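Read top to bottom, the protein sequences are chains G and E. Quick note: the first sequence uses the numbering used here, first residue -1, plus one each step. Quick note: the second sequence uses the numbering used here, first residue 23, plus one each step.
FYI, nobody ran anything at the bench for these hints, they're computed from the structure. Be a bit skeptical, because a hint or two may be false.
The calculated lysine to aspartate or glutamate pairs, modelled on DMTMM-like cross-linking and capped at a C-alpha distance of 25 Å, are [claimed, not checked]:
hint: 1; chain 1: G; residue 1: 184; chain 2: G; residue 2: 196
hint: 2; chain 1: E; residue 1: 156; chain 2: G; residue 2: 104
hint: 3; chain 1: E; residue 1: 212; chain 2: G; residue 2: 52
hint: 4; chain 1: E; residue 1: 212; chain 2: G; residue 2: 82
hint: 5; chain 1: E; residue 1: 156; chain 2: G; residue 2: 107
hint: 6; chain 1: G; residue 1: 5; chain 2: G; residue 2: 82
Predicted model, so just to flag it, every value in this text is computed and none were measured.
The lines below spell out each chain.
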Amino acid sequence: MTASERKPRLLYLAFYFPPSRASGVYRARATANHFARAGWDVTVLAAPLGFLYDVIGSTDDKLLETVDPQVSVERPELDTFRWEQELQNMSWMRGMMPNVSKRFFEWREAKQFPEPYVSWARSSVVKGLKLHRRKKFDAVLATGNPFGAFAAAWAIGKLARIPYVIDYRDSWTLDLFKDEPAFPPKHPTWKWERRVIDSSAAVVFVNNALRDWHAERYPEAADRMMVVPNGWDPDLLELPPTPEVPAEPQRPLNFSYLGTITTHQPMEEMAEAFRIAREHPALAGAELNLFGHLGFFQQSHLSLLTRLGLNASGKVDPDLDAGLRLRGPVAKTEVSSVYADSDALVFLAAGGRYVTSGKIFEYMATGRPIVSVHAPDIAAREVLEGYPLWFHADSLDPEKLAQSFIEAGIAARQADPETREAARRHATIFKRDALLAPLEARLRQELSS
Amino acid sequence: MSTSADPVTRPRVVVIALGYKPAWRVRSYVQDLVDADVEVDLLLAENSSTNDVEIDPRVRVHRVFGVEAAEVLVRRIERGVLFTLPGKVLGKARSMTVDRAALKPVDVGLSVTQRAQSWVSRGIHRKLFWPAFKMMRPMMLSRKARGPAMKLDLARADRIVAADHAAVPLAWRLSRRYPGVRTTTSLDRKPYVG
């Protein structure tokens, strides 16, 4: 093989990668696949399987099958000290002096990088350099969280003298739920962020609001900052070829929410609004089906159930029934059938003007009416503007939200095929491959320069 | 000898919570287990601080101490040296000076000394003794509580749960002794509940 035939090699640091089904995994999967299809030799450094299966417990093996076979995946080690719960696996020191060993562990970790996943970042550097010695990489791309991936990309970039790009899939130093810095001014995270941004070839954000916030803080890097919105993945979503027929007038409507439900989301408002909306004849007997995990960790669902008006086992209390039904997680590959069975979709989102959410793109792709339940100034507005079946109250007042539910319900019964087609057309600009193309071009440009 | 058919065996969990008062999450865990018809043994540190805690009568509660402060030597010594002894000495001295006009200035001096001693002793207890004792307490408890724990027929347990930090050393020792029994810090209700 001649030098000109050699594929450019990309080292991609993505902790959450299939079979994980964390919310950020779809962007990582799509990025790896996109680069592989664009002619790159992609190696992904991802979280160890033991951590995904035993600690997080949120996995989807079918999702692993959707990773391009040309992508090679390595899984550097992660020290699971802080997640270890089985005493049989603990050392004498840990077992007999739990307080001392915990403090020592935390001190040692914090000294290296201010984040719990630092051990994975450390082993990623070792692994990345080992692979680089065997066969040279041309660029490094890292996606956060965890942001230890950025530090690892920085270290590999320095030691291997190759350009690196960091992808802020999530926010690091900005608290998205409070719209304020997430760390006090002297916190070591700021030093790290400056360091990784200063030396990076490009910095990627998911929306303009986040890009602007960072550009204001790091003006010298502003010209290297770009926006790659989250999109939707046509290979994971089977869309019927033609717009569906509207819901029959006598059939109760199915509203659906898909995604992980987390503590910051305005779920009480949603439940109350839906309870009010069900009193309208258009929504008589309607159900709001919640598909997905409750919380990010295996134990985090109990407190969320009561906030949704459900009992400890997730069942409906007949006296308090607001029409909410807990349906549990569905495999990503089965999401299409959930959309097909839904008359309208509920966009329940936490946070404010910096939050886009990945789910909204897929929602739009279905061409279904969408009800917004979130703060009015959310960044997702910029992608929803122009979607003809978007119903939003611009408020979290349950009465106003209920009105949106009613309007969406009426649209689900009455929207004509042209409107639904226009809705889908709006979504085509957010196909993932189209959105990732500028990032791939940027990295190629780095290679040629 | 004829034997009757074995009754259906109920799952059995031994929960160890050696903090002074079992936290809400521990109580709710234990409650959920007994509600799911699990046999639960709960081992607590002492009687005095846990007597008023509401625990379902179906839970078999065991305790390591009646009153920890009275039964642990180092705590008895600390109490004696910091509070009892100086209190007795100064109390005796004051009993000789109080209500005697001629010894009024001495009595005032002793009263001030008594207050100062009490303040210093409390400071030493809170700032020096207690942080060090807190660090060592789990290890100490792992020895003291081994006897009561061994009486719980642990080999027959399905799971041993260390429900708080103080319980970890004891549970760790038990995990070595009973390698076949799952010993964990997780208050995981599976597979017993729901």
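(request) Could you tell me which of the hints above the structure violates, numbers in ascending order? (result) 6
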